[in-house]
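Enquirer: Read off the chains here:
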Amino acid sequence: MTVPMSRPSTAPSAAAARGYRDAGARLGRAILRNRKATIGLGLLVVITFVALFPGLVAPDDPQAAIYGQQLGPSADHLLGTTQVGEDVFSQLIWGTRLTLIITVAVGALTTLISVLVGVTAAYVGGVADRSLSLLTDIFLIIPTLPLLIVLSSYLEGSGTIAIIAVLVVTGWAFGARQLRAQGLTLRTRAYLEAARVRGETSPYIILVEILPNMISLVVASFLGSAVYTVATAAGLQFLGLGNGSEMTWGTMLHFAQQNGAIESGNALWALAPGAAVALLGTSFALLNYAFDEIGNPALRRTRRRRAGAA
Amino acid sequence: MRFVARRLGLFLVTLWAALTINFLIPRLMPGNEATAVLSHFRGVNPAALHALQVEFGVNANENVLLSYVQYLGNCLTGQFGLDAARVPVMSVILQGLPWTLALVGVTTVIAFVAGTLLGVVGAWRRGGSLDSILSPLLFILTTFPVFFIALLLLFVFGVILGWFPLSSNYSLGATPSLSLDFAWDVLSHAVLPGVTLVVATAGGWIYTMRNNMVTTLEEDYVKMARAKGLSSWRIMFDYSARNAILPNLTGFAMQLGFVLGGSILVEYTFSYPGLGYLFFTGTTNHDLPLQEALFLFYTLAVLVCVLVADFATAWLDPRTRDA
Chain F
1 MTVPMSRPST APSAAAARGY RDAGARLGRA ILRNRKATIG LGLLVVITFV
51 ALFPGLVAPD DPQAAIYGQQ LGPSADHLLG TTQVGEDVFS QLIWGTRLTL
101 IITVAVGALT TLISVLVGVT AAYVGGVADR SLSLLTDIFL IIPTLPLLIV
151 LSSYLEGSGT IAIIAVLVVT GWAFGARQLR AQGLTLRTRA YLEAARVRGE
201 TSPYIILVEI LPNMISLVVA SFLGSAVYTV ATAAGLQFLG LGNGSEMTWG
251 TMLHFAQQNG AIESGNALWA LAPGAAVALL GTSFALLNYA FDEIGNPALR
301 RTRRRRAGAA
Chain Y
311 MRFVARRLGL FLVTLWAALT INFLIPRLMP GNEATAVLSH FRGVNPAALH
361 ALQVEFGVNA NENVLLSYVQ YLGNCLTGQF GLDAARVPVM SVILQGLPWT
411 LALVGVTTVI AFVAGTLLGV VGAWRRGGSL DSILSPLLFI LTTFPVFFIA
461 LLLLFVFGVI LGWFPLSSNY SLGATPSLSL DFAWDVLSHA VLPGVTLVVA
511 TAGGWIYTMR NNMVTTLEED YVKMARAKGL SSWRIMFDYS ARNAILPNLT
561 GFAMQLGFVL GGSILVEYTF SYPGLGYLFF TGTTNHDLPL QEALFLFYTL
611 AVLVCVLVAD FATAWLDPRT RDA
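Residue numbers (this note's numbering), protein chains in the order written: chain F, 1 to 310; chain Y, 311 to 633.
Isolated chain F (complex conformation):
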């Protein structure tokens, strides 16, 4: 140890920062060493670039109905045009931003709630644990998509904030249960006992001692939630429960389906945003699978044992 005398209680933020930095560095190395993680991250970087600078990729206005209607794909319109003469390719590119914002926001907020509920339940224990666990179980069992459809039907046309809110309300339970299970295994560790004996407060122990040791599970929880959100948000918008005036891949799918794009020879109008949703989901899923491998040594060993097993 190079800094043996630094007492966490005198500089909690520095200790926390160090804990998170170490965990972050370990995570970074693990990502670069894993092929799935590298591909997933690469895809995500490209999609983020498109979301940030859509104008560089598709200079056309995505909502300008100035072209021929229901045109097939051509050099001018790579993916054809919509029923009112908008360029589908431009819509796909400009729709990236809001789709990504919804995904990341829901992923981050559900993870935050999962951490709060899961870790609190595990650490505090007793009645608090029992009631939080019961709440988690209830939200796990109630079928999500029907509940989402009911909630969204009242918020019809209310836009991004509303869809983020309903997805967060219905999506936190799975992560909370996993984080609670992990928290329970950490609870009896000696270093937590030591922190309690030192007289640290519960928030300090949770933030500085517990969370840095759960960071890979927190990240996995975010990634899992993102995979789920990409498909679910697009599914809701596909059903027409989003705000039709907002440009996302899900709303594109809805209008394509409403106008029978698949049946009437304009299939790319529906398949392109569908493929984009699948691609975004895949990039998060690749990262998530990679984290599974990093976290579960039994799965990691498989590749090296290939020759012997077959």
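Read the hints as simulated data drawn from the structure, not as lab findings.
Predicted, not measured: the structure shown is a model, and the values here were computed from it.
Hints may be right or wrong, so weigh each one.
With beta-carbon atoms standing in for the labels, derived distance ranges [said to hold, decoys possible]:
#: 1; chain 1: Y; residue 1: T387; chain 2: F; residue 2: A181; range: 38 to 46 Å
#: 2; chain 1: F; residue 1: R35; chain 2: Y; residue 2: L626; range: 36 to 44 Å
#: 3; chain 1: Y; residue 1: S401; chain 2: F; residue 2: L116; range: 40 to 48 Å
#: 4; chain 1: F; residue 1: I215; chain 2: Y; residue 2: L407; range: 32 to 40 Å
#: 5; chain 1: Y; residue 1: L427; chain 2: F; residue 2: D76; range: 18 to 26 Å
#: 6; chain 1: F; residue 1: L184; chain 2: Y; residue 2: F547; range: 31 to 39 Å
#: 7; chain 1: Y; residue 1: G415; chain 2: F; residue 2: R35; range: 38 to 46 Å
Listed below are the simulated SDA-like cross-link pairs for lysine to any residue, each with C-alpha atoms no more than 20 Å apart in a straight line [unchecked claim]:
#: 8; chain 1: Y; residue 1: K533; chain 2: Y; residue 2: V431
#: 9; chain 1: F; residue 1: K36; chain 2: Y; residue 2: R552
#: 10; chain 1: Y; residue 1: K538; chain 2: Y; residue 2: N521
#: 11; chain 1: F; residue 1: K36; chain 2: Y; residue 2: L444
#: 12; chain 1: F; residue 1: K36; chain 2: Y; residue 2: G437
#: 13; chain 1: Y; residue 1: K533; chain 2: Y; residue 2: I545
#: 14; chain 1: F; residue 1: K36; chain 2: F; residue 2: R26
#: 15; chain 1: F; residue 1: K36; chain 2: F; residue 2: L279
#: 16; chain 1: F; residue 1: K36; chain 2: Y; residue 2: D548
#: 17; chain 1: F; residue 1: K36; chain 2: Y; residue 2: A619
#: 18; chain 1: Y; residue 1: K533; chain 2: Y; residue 2: W543
#: 19; chain 1: Y; residue 1: K538; chain 2: Y; residue 2: D548
#: 20; chain 1: F; residue 1: K36; chain 2: F; residue 2: I47
#: 21; chain 1: F; residue 1: K36; chain 2: F; residue 2: A25
#: 22; chain 1: F; residue 1: K36; chain 2: Y; residue 2: P446
#: 23; chain 1: F; residue 1: K36; chain 2: F; residue 2: E293
#: 24; chain 1: F; residue 1: K36; chain 2: F; residue 2: T48
#: 25; chain 1: Y; residue 1: K533; chain 2: Y; residue 2: M546
#: 26; chain 1: F; residue 1: K36; chain 2: Y; residue 2: T518
#: 27; chain 1: F; residue 1: K36; chain 2: Y; residue 2: K533
#: 28; chain 1: F; residue 1: K36; chain 2: F; residue 2: G24
#: 29; chain 1: F; residue 1: K36; chain 2: Y; residue 2: I443
#: 30; chain 1: Y; residue 1: K533; chain 2: Y; residue 2: V509
#: 31; chain 1: Y; residue 1: K538; chain 2: Y; residue 2: T526
#: 32; chain 1: F; residue 1: K36; chain 2: Y; residue 2: N521
#: 33; chain 1: F; residue 1: K36; chain 2: Y; residue 2: T526
#: 34; chain 1: F; residue 1: K36; chain 2: F; residue 2: D292
#: 35; chain 1: F; residue 1: K36; chain 2: F; residue 2: V46
#: 36; chain 1: Y; residue 1: K533; chain 2: Y; residue 2: R435
#: 37; chain 1: Y; residue 1: K533; chain 2: Y; residue 2: R552
#: 38; chain 1: Y; residue 1: K533; chain 2: Y; residue 2: V430
Every residue, glycine too, gets a C-beta built ideally from N, C-alpha and C.
Place chain Y on chain F using the hints.
Expert: Only chain Y this time, still in chain F's reference frame:
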């Protein structure tokens, strides 16, 4: 006994929570659904309007507590009233039920059996040819959204190849009968929605089963079985898979919620007139009685399955009984 009581307790509490959510959402959310329903009846005489208001519970000075108790009673006795088209909700549901039951039931069984078997074999020959095909396939199966799989199949097999009809449950002119022709007609309409659901759900089974198998294959009792010189077949199924399948059984119930959700998207995409299609149209048309009854039905279906899966797991694995 304590285990049974705990599980039944969770069942009842969740059922109550679902019923209460069902009751509260229309009353708490902005944009009262009941008023939306009543707007369909503009121009009716005041007495009839009052009767409708009472029925939909939009009375401005309604006693919330009283209607809550009434609502609970109605739900428990299966009285769901009439839908927006003045048809008893029960008969509407019974019309859609067989289509969804067959679609979801058959596809779930196929996906579970095929997925679990593939997972067992994939883990047994880790890194082998099946396993290396399976892994990339898994990404596709588990991450592609249900509706995208539906659209792809619709495009390839419905539009381009023209092998299967594009929508509905049977041909427009066909009259339901017990003939072979009609059975074939129904089957060909069900293929694309069914394959969509199998493709969308099998991945989860393969994934968990494979990973559980990988873990159990490392156990000492499996090593012991190998040392005894037992056949691969026996080690694979009697020793390893038997223990690895437990989490999949528990997952079965959770999966059902996902499948039911998926069936809504699939039935919407293929205009397949099952419960999912009814639920979707009912909800977007603000048909409150239909929406409430179907939401309750979905919750109850999942709840019953969770309960059965819990008991099955406890019966198969005594260790879980203390949990």
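Enquirer: If a hint holds in the structure, say so; if it does not, say that too.
Expert: Hints versus structure:
{"no.": "1", "hint": "Y/T387 / F/A181: 38 to 46 Å", "verdict": "holds, 39 Å"}
{"no.": "2", "hint": "F/R35 / Y/L626: 36 to 44 Å", "verdict": "holds, 38 Å"}
{"no.": "3", "hint": "Y/S401 / F/L116: 40 to 48 Å", "verdict": "holds, 46 Å"}
{"no.": "4", "hint": "F/I215 / Y/L407: 32 to 40 Å", "verdict": "violated, 47 Å"}
{"no.": "5", "hint": "Y/L427 / F/D76: 18 to 26 Å", "verdict": "violated, 50 Å"}
{"no.": "6", "hint": "F/L184 / Y/F547: 31 to 39 Å", "verdict": "holds, 33 Å"}
{"no.": "7", "hint": "Y/G415 / F/R35: 38 to 46 Å", "verdict": "holds, 39 Å"}
{"no.": "8", "hint": "Y/K533 / Y/V431", "verdict": "holds, 18 Å"}
{"no.": "9", "hint": "F/K36 / Y/R552", "verdict": "violated, 31 Å"}
{"no.": "10", "hint": "Y/K538 / Y/N521", "verdict": "violated, 25 Å"}
{"no.": "11", "hint": "F/K36 / Y/L444", "verdict": "holds, 15 Å"}
{"no.": "12", "hint": "F/K36 / Y/G437", "verdict": "holds, 16 Å"}
{"no.": "13", "hint": "Y/K533 / Y/I545", "verdict": "holds, 9 Å"}
{"no.": "14", "hint": "F/K36 / F/R26", "verdict": "holds, 17 Å"}
{"no.": "15", "hint": "F/K36 / F/L279", "verdict": "holds, 14 Å"}
{"no.": "16", "hint": "F/K36 / Y/D548", "verdict": "violated, 34 Å"}
{"no.": "17", "hint": "F/K36 / Y/A619", "verdict": "violated, 34 Å"}
{"no.": "18", "hint": "Y/K533 / Y/W543", "verdict": "holds, 14 Å"}
{"no.": "19", "hint": "Y/K538 / Y/D548", "verdict": "holds, 14 Å"}
{"no.": "20", "hint": "F/K36 / F/I47", "verdict": "holds, 17 Å"}
{"no.": "21", "hint": "F/K36 / F/A25", "verdict": "holds, 18 Å"}
{"no.": "22", "hint": "F/K36 / Y/P446", "verdict": "holds, 10 Å"}
{"no.": "23", "hint": "F/K36 / F/E293", "verdict": "holds, 10 Å"}
{"no.": "24", "hint": "F/K36 / F/T48", "verdict": "holds, 18 Å"}
{"no.": "25", "hint": "Y/K533 / Y/M546", "verdict": "holds, 12 Å"}
{"no.": "26", "hint": "F/K36 / Y/T518", "verdict": "holds, 18 Å"}
{"no.": "27", "hint": "F/K36 / Y/K533", "verdict": "violated, 31 Å"}
{"no.": "28", "hint": "F/K36 / F/G24", "verdict": "holds, 18 Å"}
{"no.": "29", "hint": "F/K36 / Y/I443", "verdict": "holds, 15 Å"}
{"no.": "30", "hint": "Y/K533 / Y/V509", "verdict": "violated, 34 Å"}
{"no.": "31", "hint": "Y/K538 / Y/T526", "verdict": "holds, 17 Å"}
{"no.": "32", "hint": "F/K36 / Y/N521", "verdict": "holds, 17 Å"}
{"no.": "33", "hint": "F/K36 / Y/T526", "verdict": "violated, 25 Å"}
{"no.": "34", "hint": "F/K36 / F/D292", "verdict": "holds, 11 Å"}
{"no.": "35", "hint": "F/K36 / F/V46", "verdict": "holds, 16 Å"}
{"no.": "36", "hint": "Y/K533 / Y/R435", "verdict": "holds, 16 Å"}
{"no.": "37", "hint": "Y/K533 / Y/R552", "verdict": "holds, 15 Å"}
{"no.": "38", "hint": "Y/K533 / Y/V430", "verdict": "holds, 17 Å"}
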